[in-house]
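Q: If you read the sequences in order, they're chains B and Y.
According to numbering that gives the first Met the number 0, the first sequence is numbered sequentially starting from 0.
According to numbering that gives the first Met the number 0, the second sequence is numbered sequentially starting from 0.
Take these hints with a grain of salt, some might be off.
Said to hold, decoys possible - Chain Y is faced by these chain B residues, among others (derived, beta-carbon under 7 Å):
| # | residue |
| --- | --- |
| 1 | Tyr58 |
| 2 | Arg63 |
| 3 | Gly243 |
| 4 | Val369 |
| 5 | Pro373 |
| 6 | Arg415 |
As the list claims (entries may be wrong) - No farther apart than 30 Å at their CA atoms in a straight line, the calculated lysine-lysine pairs in the DSS-like style are these:
| # | chain 1 | residue 1 | chain 2 | residue 2 |
| --- | --- | --- | --- | --- |
| 7 | B | Lys201 | Y | Lys87 |
| 8 | Y | Lys108 | B | Lys106 |
| 9 | B | Lys91 | Y | Lys185 |
| 10 | Y | Lys161 | B | Lys91 |
| 11 | B | Lys44 | B | Lys371 |
| 12 | Y | Lys175 | Y | Lys87 |
| 13 | B | Lys94 | Y | Lys108 |
| 14 | B | Lys106 | Y | Lys90 |
| 15 | B | Lys94 | Y | Lys90 |
| 16 | B | Lys487 | Y | Lys161 |
| 17 | B | Lys371 | Y | Lys185 |
| 18 | B | Lys43 | Y | Lys87 |
| 19 | B | Lys487 | Y | Lys108 |
| 20 | B | Lys93 | Y | Lys185 |
| 21 | Y | Lys175 | B | Lys106 |
| 22 | B | Lys93 | Y | Lys90 |
| 23 | B | Lys201 | Y | Lys108 |
| 24 | Y | Lys185 | B | Lys94 |
| 25 | B | Lys366 | Y | Lys108 |
| 26 | Y | Lys185 | B | Lys366 |
To be verified - Which chain Y residues stay away from chain B? Per the calculated CB distances, all over 12 Å, these:
| # | residue |
| --- | --- |
| 27 | Thr62 |
| 28 | Asp119 |
| 29 | His124 |
| 30 | Val131 |
No lab work stands behind these hints: they were computed from the structure.
Virtual Cβ for every residue (Gly too), placed ideally from N, Cα, C.
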Amino acid sequence: MAEPEVNLAKTYDGVIVGSGAAGGMAAHVLTSKGLQVLLLEAGKKLPIEQELRSMEWPYDNPQRGFLPPNSRSLSFNEYTIRNPPYGPGFEKSKKLYSYIGNSEYVKNIVVEERENPFTGTNYAWVRARCLGGKTNIWGRLALRLSDYDFKAKDRDGYGENWPISYSDIEPYYDQVDLYLGITGVKENLPYLPDSIFQRPTKLNCAEVTLKQGLQKMGRVLTQYRAGVTSDGLKHNKYRSRCYGRGACERKGGCDIHAAFDSPTGLIYPAMDTGNLTLRTNSTVREITVDTNTGKASGVLFTDSQTMKDYHVRAKVVIVAASTLESARLLLLSKSRLYPNGIGNSSGHVGHNFCEHVMGPGVAGRVKNLVGKPPTLDDGRPGGFYLTRFRNLAEKHPKFIRGYGFEGGSGSTMFPRGTDVHGFGASFKDEVRQNQGAYIGMGAFGEVLSRYENYVDLDPVVKDKWGVPALRFHYRFGDNEHRMAEDMKETAQEMFEAAGFEIMHVNNRVLTEGWSIHELGTARMGNDPKTSVLNQFAQSHDVKNLFVVDGSAFVNASCQNPTWTIMSLCWRSCDYLAEELKKGNL
Amino acid sequence: MSENDPIDALDLKQDRRQWLKTSATALGATLIPMPGVSTQTLQTESKPAASTAEAKSAGRFFTPLQHATVDELSETIIPADSHSGGAKAAKVADYIEQVVGQSIDESQKALWREGLRLIDVMSQHDHGETFVNLTPERRIAVLTVLSDHDHMAELPEVRFFKELKHLTITGYYTSKIGIHDELEYKGNRVLQEYVGCDDPGPATK
C-alpha cells in the first residue's frame with residue numbers, strides 16, 4: 000500500500016526520527032508550541048486493535064494465541080549458542096522473531112529478525128518497527144529516577160554524574176504523569192520519588208503477606224506503578240480508563256489504550272493540532288549536513304515498501320529511533336565534516352551502552368491459599384514492585400548500585416504450576432488447587448555504563464534496506480554477575496521471611512538485552528570530550544541536532560526507563576523550541 | 000510381544016523399568032533418530048505407512064485409530080472427574096492433530112508416529128492389548144513407566160510422553176472446559192473494581 004503523499008518540498012521546523020515514547024513526546028511538545036513537524040517512522044501503521052484483541056479467548060483463536068506453525072520466536076538457548084543473524088536450522092521458519100514475539104498478538108509488532116540482522120556478541124535485541132514502536136507492548140512499569148541515580152558518582156565514585164539533578168526534571172515528571180496518567184501509591188522514598196498518581200489497584204492477599212514480611216526487614220513492596228490511566232484523561236479522546244478486564248498479564252498491549260502507548264497518548268493528539276505530518280514506512284538512513292554551516296540540513300530516507308529514496312529538509316533534526324537505532328543513525332551519517340558520524344567528535348557514540356540485567360528470581364507457593372475458591376487476580380495492569388534496597392544507606396561489599404524486583408501472584412488464565420511431575424487425576428487436581436497460590440518475582444539490576452561496552456557498524460552485513468547492520472561488543476561484567484548472585488539470595492530470603500514455600504529459584508542470568516531497556520549510547524554531559532549531548536539532549540557538535548531517547552542516559556539506574564525518557568524529552572523539547580525561537584539553532 | 004500372563008501390580012513398575020532399559024538398546028536404533036541425526040536423514044528414512052497416506056488424503060494427520068489413541072492418551076493425562084470434563088471432552092486430540100499436522104518440523108511428526116507405535120508396542124508387551132483396548136488402570140500403568148523415567152530423554156518413548164503431556168496441558172487449559180469448568184477463571188471481563196486484599200487477616204496466618 001502506498002504511503003499518502005506528504006509534502007517533502009517544504010522545510011519543516013523539525014523532523015523527528017521514530018515514533019515510540021521519545022518520538023511521540025517530541026511530536027506532542029513541539030506541535031503544541033506551534034512548530035511544523037514531520038514525524039518519520041520506519042515501520043507501518045498497524046490496525047492495532049485488530050492485532051492486540053485483548054479480550055480474545057484462546058479457544059476462539061485457531062492457534063490458541065500461539066504463533067502459526069511456520070513462525071518461531073528465539074529462545075534463551077538459541078540466543079546463547081548461535082550468533083545472529085541465525086543461519087542454519089532456522090531456514091524452515093518463514094518468520095523469525097525475537098523472544099518477545101511468541102504470540103499471535105505480538106508477531107506483527109516486532110521485527111522479522113533476518114530482515115534486520117545484527118552481528119557481534121549475543122544480544123536479545125527486541126525491536127518494534129511500527130507506529131508507536133515498543134510502547135504498543137511495553138511492560139508499563141513507570142518509575143522515576145532520583146539523585147541516587149543522577150548523582151550516583153558522588154555516592155560511589157563510579158562513572159559520571161548526569162548534568163542534571165532531580166529538581167531539574169521533577170516538573171517534567173509531573174507533566175508526564177498528568178498528561179499520560181499513572182497509577183500507584185505514594186511511599187515517600189528518597190530513592191524512588193512518587194508520581195502524581197491516579198487511583199491505585201490493590202495488592203492481592205499473597206502480595207500483602209509478602210509486603211508484611213518485608214516490613215520487618217525494612218524493605219518496601221508497593222503496587223505496580225503502571226503507566227496506565229485508572230481515572231481516565233479528560234483531555235484525551237483516544238484513551239479509555241482502565242476497567243480491569245483480565246488478561247493484562249498476557250503479552251501484548253492494551254486495546255482500549257488505558258495503558259499508555261505513543262500513538263493514542265501523544266501522536267494522535269499532536270495530529271489534532273494540525274501541526275504534525277506523519278509518514279510511516281520511512282527508514283531514515285542518514286542525517287544530511289549543510290557543508291557551509293556544519294548544521295544538520297534534514298534526513299535521507301527510504302520508503303520501506305517501494306525502496307525509493309527521499310530527502311526532506313528541516314531546521315532541526317530530532318533523533319528518537321531507540322537507543323541502539325539512534326546510535327546507528329548517527330554513525331551512518333558520515334561526511335567530510337563528520338568522518339566518524341555526525342555528533343561524534345568525542346568518539347563516544349555507541350559507547351557507554353548500558354541496560355538492566357535480569358534473570359534471577361524466585362517462585363513460591365502460599366500454603367494457606369492452596370485449595371481456596373478461584374479469585375480474579377489479573378484484572379489489573381501489574382502486580383507489585385519491590386524497591387531497591389542495596390547500596391542506599393549501607394555499602395554492599397561485593398557490588399555497587401542496586402536492583403528491584405517485579406512480581407505478581409494469583410490466578411491467571413493459563414494456570415501456573417503445570418510443570419509438576421506426573422499426570423492423571425492427581426495432576427489435574429493439584430493444578431486446580433494450586434492455581435491461585437503462586438507468587439513469583441524477578442529482578443532488574445543496573446548494568447554499569449562502560450566505555451568498552453559499545454556498538455559500531457558492521458563493515459559487511461546490511462539489512463533488507465541495504466543499511467549497514469549494527470555490530471555488538473557488549474557483555475555483562477563482574478559487577479553484574481556479583482549483583483545477580485545477590486538477587487538470587489535475597490529473593491529466597493524474602494520469600495522465606497514471608498513464609499512462602501519456595502518452588503523454584505532462578506539463578507540463570509538472561510541473555511544481554513533481555514530487559515529491553517537499552518540505554519546510554521549517546522550520553523549527555525557537560526564535557527564535549529566525554530559526552531555526545533548536553534543536558535538538553537542537544538549535540539555538542541551540531542546545534543540543531545537533538546537525540547531525545549534512551550541514548551542520552553548517563554547510567555541505567557535500576558528503574559524502568561520509559562517515564563524518564565519522556566520526561567527528559569519534554570524538557571529537551573521545551574529548550575529546543577525556545578532556542579529555535581531565539582534563532583540559536 | 001503379546002504377553003497375556005497376569006502381572007502382579009506390585010511388580011509392574013520393576014518390570015517396566017527393566018523393559019525400558021532393554022528397549023532403549025533393542026528398539027532405539029530402529030526408531031526415532033538419536034540426537035545428532037539430521038532431520039533430512041529422518042525424512043528419507045521414515046516412509047509414511049499406507050495408513051498415514053489415508054489420513055493425509057482425508058486432510059488429517061492421524062489415522063482414525065491413531066486419533067482414538069491420542070484421545071485416550073490425553074484423557075489419561077487429564078481425565079474427567081467429578082469437578083469437570085477431561086481432555087477428551089475438551090477435544091484435545093483435535094488440537095494436537097492440528098499442531099502436529101501443521102508443524103513444519105518433520106522430526107516432531109516422526110516423534111508422534113513413532114511414539115504412538117511405541118505406546119502400542121508397550122501396551123501389547125505388558126498387557127497384550129493395544130492402548131485403546133486397555134482398561135483405564137492399565138493405561139495409567141503404561142504411562143506411569145514413562146513418567147517415572149522422564150529424566151531419560153534419550154529414549155524416544157520418553158520424549159514422546161513429554162511432548163504428549165505438554166500438548167495435552169496446552170490444549171486442555173486453553174479450551175472452554177479447561178478455562179471455565181475446570182479452573183473457573185474469573186477474568187477477561189469488565190470489572191468495576193479490582194477486588195484485591197484490603198484486610199490481610201483471612202488470607203495470611
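Q: It remains to establish, for every hint, whether it holds in the given structure.
A: Cross-check of the supplied hints:
Here the hint on Tyr58/B is kept, as its CB sits about 5 Å from the closest CB of chain Y, short of 7 Å. The criterion of a C-beta within 7 Å of any C-beta in chain Y is met by Arg63/B, whose closest approach is roughly 4 Å, and the hint holds. Interface restraint check for Gly243/B: the shortest CB-CB distance to chain Y comes to about 4 Å, inside 7 Å, so the restraint holds. Given hint, Val369/B at the interface with chain Y, is violated; its Cβ is 12 Å from that chain's nearest Cβ, farther than 7 Å.
Taking 7 Å as the C-beta cut-off, the interface hint given for Pro373/B holds, the closest approach to chain Y being about 5 Å. Interface hint at Arg415/B: violated, since its Cβ lies 11 Å from the closest Cβ of chain Y, which is beyond the 7 Å cut-off. Annotation: proposed proximity of Lys201/B to Lys87/Y is violated, straight-line Cα distance about 39 Å (limit 30 Å). With a C-alpha separation of about 25 Å, the suggested pair Lys108/Y and Lys106/B falls inside the 30 Å cut-off, and the hint holds.
Distance check on the hinted pair: Lys91/B and Lys185/Y sit about 39 Å apart at the alpha-carbon level, beyond 30 Å; violated. Annotation: proposed proximity of Lys161/Y to Lys91/B holds, straight-line Cα distance about 24 Å (limit 30 Å). Between the alpha carbons of Lys44/B and Lys371/B the distance comes to roughly 45 Å, so the proposed pair goes past 30 Å and is violated. Between Lys175/Y and Lys87/Y the CA atoms are separated by roughly 12 Å; this keeps the pair inside 30 Å, and the hint holds.
Only pairs whose Cα atoms come within 30 Å are accepted, and Lys94/B paired with Lys108/Y is accepted, the gap being roughly 20 Å. With a C-alpha separation of about 27 Å, the suggested pairing of Lys106/B with Lys90/Y holds against the 30 Å cut-off. The straight-line distance between the Cα atoms of Lys94/B and Lys90/Y is roughly 29 Å, inside the 30 Å bound, and the hint therefore holds. At most 30 Å may separate the alpha-carbon atoms for a hinted pair to count; Lys487/B and Lys161/Y meet this at roughly 29 Å.
Straight-line distance between C-alpha atoms of Lys371/B and Lys185/Y comes to about 14 Å, which keeps the hinted pair within the 30 Å bound. Using a Cα cut-off of 30 Å, the hinted pair Lys43/B and Lys87/Y is violated, with the two alpha carbons roughly 43 Å apart. Of the supplied pair hints, the one linking Lys487/B and Lys108/Y is violated, its CA atoms being roughly 39 Å apart against a limit of 30 Å. This hinted pair does not check out: Lys93/B and Lys185/Y have alpha carbons roughly 37 Å apart, beyond 30 Å.
Distance check on the hinted pair: Lys175/Y and Lys106/B sit about 24 Å apart at the alpha-carbon level, within 30 Å; holds. For a cut-off of 30 Å, the pair hint linking Lys93/B to Lys90/Y stands: about 29 Å separates their Cα positions. Taken as a hint, the Lys201/B and Lys108/Y pair is broken in the structure, with Cα atoms around 47 Å apart against an allowance of 30 Å. A threshold of 30 Å between alpha carbons decides the hint, and for Lys185/Y with Lys94/B the separation of about 35 Å lies outside it, so the pair is violated.
Between the alpha carbons of Lys366/B and Lys108/Y the distance comes to roughly 41 Å, so the proposed pair goes past 30 Å and is violated. A hinted pair counts as satisfied when its Cα atoms are at most 30 Å apart, and Lys185/Y with Lys366/B qualifies at roughly 21 Å. Non-interface call for Thr62/Y relative to chain B: holds, since the shortest CB-CB distance, roughly 21 Å, exceeds 12 Å. The Cβ of Asp119/Y sits about 18 Å from the closest Cβ of chain B, beyond the 12 Å cut-off, so the non-interface label holds.
The Cβ of His124/Y sits about 20 Å from the closest Cβ of chain B, beyond the 12 Å cut-off, so the non-interface label holds. Once the 12 Å rule is applied to beta carbons, Val131/Y is consistent with being away from chain B; the minimum gap is 17 Å.
In the structure shown, a violation is registered for the earlier hints numbered 4, 6, 7, 9, 11, 18, 19, 20, 23, 24 and 25, in ascending order.
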